[in-house]
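Q: Protein sequence lines correspond, in order, to chains A and B.
To convert, note that position 233 of the first sequence is 233 in our numbering; the numbers rise steadily by one, no gaps.
To convert a position in the second sequence, counted from 1, into our numbering, add 253.
Hint data in this document are derived by calculation from the structure and do not stem from the laboratory.
Honestly, I wouldn't trust all of these hints.
[To be verified] Just a few of them, taken from the derived set where beta-carbon distance is under 10 Å, the chain B residues facing chain A:
hint : residue
1    : Thr274
2    : Pro278
3    : Gly320
4    : Phe324
5    : Leu334
6    : Leu348
7    : Phe526
8    : Tyr530
9    : Arg540
10   : Thr541
[Claimed, not checked] The calculated label-pair distances, taken between Cβ atoms and stated as ranges, are:
hint : chain 1 : residue 1 : chain 2 : residue 2 : range
11   : B       : Leu288    : A       : Arg234    : 54 to 60 Å
12   : B       : Arg588    : A       : Leu253    : 57 to 63 Å
13   : B       : Glu493    : A       : Glu75     : 36 to 42 Å
14   : B       : Arg270    : A       : Arg223    : 32 to 38 Å
15   : B       : Gly496    : A       : Leu253    : 34 to 40 Å
16   : A       : Arg223    : B       : Arg275    : 51 to 57 Å
17   : B       : Pro510    : A       : Leu205    : 51 to 57 Å
18   : A       : Arg153    : B       : Ser500    : 53 to 59 Å
19   : A       : Glu76     : B       : Arg504    : 42 to 48 Å
20   : B       : Arg632    : A       : Leu205    : 28 to 34 Å
21   : A       : Thr222    : B       : Phe456    : 30 to 36 Å
Every value quoted in this text rests on a predicted model; they were computed, and no experiment measured them.
Cβ atoms here follow ideal geometry from the backbone N, Cα and C, with glycine treated the same way.
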Amino acid sequence: MSALPDAGARRVLIVGATSAIATETARVYAGSGARFFLVGRHPKRLSAVADDLRVRGARQVETAVLDLTDTGRHEEVVGAAVGALGGLDVVLVAHGVLPDQVRCQQSAPSALESLAVNFTSAVSLLTLLANRLEEQRSGVLAVITSVAGDRGRQSNYVYGAAKGGLGVFLQGLRNRLYRSGVVVITLKPGFVDTPMTLGIPKSPLFASASRAGRAVYRAIETRRDVVYIPWFWRPIMAVVNSLPEAVFKRLRL
Amino acid sequence: MDRVRHTAGLSWGRYPRATHTRILPVTWRSDPPPLEGVRETVLPHACGRSYGDSCLNAGGALLDATGLDRFISFDQAAGLLRCEAGVTLAEILALMVPRGWFLPVLPGTRWVSVGGAIANDIHGKNHHRAGSFGAHVTAFELLRSSGERLVCAPDRNPELFRATIGGLGLTGLILWAELRLVRVPGAGIAMERVRYPALGAFFELSAQDAEYEYTVAWVDCLARGRRLGRGVYMRGDHAELPGATPSPLRRPTLRVPADAPSLLLNRWTLSVFNAAYYVGAPRTLRRTVVPYDRFFFPLDGVDGWNRLYGPRGFVQYQCVVPEDHPEALRALLERVSHSGQAAGLGVLKRFGQAPPAGLLSFPRPGFTLAVDIAFRGERTLDLLEVLDTIVRHAGGAVYPAKDARMSAESFRAFFPHLEAFRAQADPRFSSSFWRRVSAA
């Protein structure tokens, strides 16, 4: 099974390229002269990230501005990426929004909007990308979900449902693509110090974005299946997941 | 930045401590200033490596610029690097040294941001040749609290350019800067080291400065009498380094995990340490080639070394006195060594003739002395006030980036362009340091 070519610069597609973790992963790839296709929503932010990667050693950086909920354009953008890079070695899907849980509880449209960004848009993209990689019979599909997707909690179950659903989707995809040599990686970060977690008081459980980004790089290059970031979330979530629902429902989490 | 951000109101000297209303992160240079609904004053902050209160804004907010960590462009032929203001010097070295380029000016730590390097117009061991950091800045963009964006260069918004270099973050937020790097043959420094017995010998050695790119002396600030000012003189030039290039992004394995007991570093332990350092240095000039990080950043080898001074923290006192007042330097060293206070190794260097790059730039022709002193309340403050008086009489200055206590009166004497600077300051920007020294 050779998911990645042994040598040479990787061809990397990043969806949600302005996210802090994705940027840090991209920086590691840029150092070895990778070629990039970056997709993001804000044109100025996207070009700031592209310039940064060029100075850091990227051989080629192309960008596409896309609101990821605009699923009608997914096919076009995936096609552009494959065309620009002549195939894909690594795909990192990193976009996401941490919604306001209280608002999602009070307004069904808000809840659905959050699912559209964090789940539906990813399903659309991954369906297209999976078929491309399957045809190519190589490549890594790495997707950032969250520890919040492991178990629903009152404080963020709308976000958790989207990420958990995405995790199940990825399990199926991994199983399906195994025979064609395509690797599917579920990345589950805990708390990472990024603009997304601005409002959350920092605790010792927080990891820096650059640590998380390097962990994503390692997970991709070693072709793991499911990775917690940092690693210590695996035992933490094992404990959380082992609590009986009769107990769990009483907790304030 | 490779760390979770806890900008908790501490500067590098851990004295004084400040409480801020909030930390306002700045992540994208294209965004407007994050000042909506903010009524208090703000101050740009990144690595927090200023020693005293110039990077603190008690009762106000901090603009956390560490998110501005992107490179923008690099002209490989001309050595012009453009990057965002929160990029650290360590990041620049990691990327540029393997390509044969080097920062034109380096301080004693690589963990400072480009914005901080400009705001303090930092200097290094090559000041006698290269001048200060600001002299190598070709342009930057300033974001004012009004939302106005101003590209500043020597010939574009020149007043604001000169005010912002050394301007302690008070003229607005620097978004990005363009720097002129220098070519180097490799990652090594061909270094010479020799101990010298007293201050007079330092003056003789520093008279040969012009032949070397980098010169500095470590001085035993507790030595007295005929040993006054003794130390270890170091000088060096860029050289090829056989073997692997050092990785400046790696954090050291040695780390001070918590505040040491207050009395760990006292007059006696420091006397022994300083003397051992002196005796351990070569008697005659010894040449070696070392990786550049060992030459420039010996203290970066121990993460959190500032905690060795204990929970009360320490102050670093750095001043400059004109070359024609060597007696002032002698008087300063005498005061420190006779004070009975816990003073660590000091640093002594001759600054060059370069004109100041900014209105409030600290470096100016003369001898500069820096010394760490464990903070012991009034006793320490009284000693530093005496030192200020000596510096004032000699027509010198004290470095704001290291200061936590100088009076408004001293500041006015040290920085005669204060009023011209005040006219360029942003009305919404302030700092604990600024409120103290700008008082009428």
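Q: Using Cβ atoms only, decide whether Gly320(B) comes closer than 10 Å to chain A, and label the hint accordingly.
A: Where the cut-off is 10 Å and the nearest Cβ of chain A is about 7 Å from Gly320(B), the hint holds.
Q: Check the following: the C-beta atoms of Arg223(A) and Arg275(B) are separated by a distance inside 51 to 57 Å.
A: violated, 43 Å
Q: Take the shortest C-beta to C-beta distance between Thr274(B) and chain A; is it under 10 Å?
A: violated, 15 Å
Q: Tell me if the beta carbons of Gly496(B) and Leu253(A) are separated by a distance inside 34 to 40 Å.
A: violated, 52 Å
Q: Against chain A, run the beta carbon of Thr541(B) and see if the smallest gap drops under 10 Å.
A: violated, 30 Å
Q: Falls inside 42 to 48 Å, the C-beta gap from Glu76(A) to Arg504(B)?
A: holds, 44 Å
Q: Hey, does the Leu334(B) contact hint survive, CB to chain A under 10 Å?
A: Cβ of Leu334(B) sits 8 Å from chain A, so the hint holds.
Q: Let me know if the C-beta of Arg540(B) comes in closer than 10 Å to any C-beta of chain A, holds or violated.
A: violated, 34 Å
Q: Please test the hint of 57 to 63 Å on the beta carbon pair from Arg588(B) and Leu253(A).
A: holds, 60 Å
Q: Between Glu493(B) and Glu75(A), does the beta-carbon spacing fit 36 to 42 Å?
A: violated, 53 Å
Q: Please test the hint of 54 to 60 Å on the beta carbon pair from Leu288(B) and Arg234(A).
A: violated, 41 Å
Q: Given a hint of 53 to 59 Å, does the C-beta separation of Arg153(A) and Ser500(B) actually sit inside it?
A: Since Arg153(A) and Ser500(B) have Cβ atoms about 40 Å apart, the given range 53 to 59 Å is violated.
The structure does not agree with the numbered hints 1, 7, 8, 9, 10, 11, 13, 14, 15, 16, 17, 18, 20 and 21 stated previously, though it agrees with the rest.
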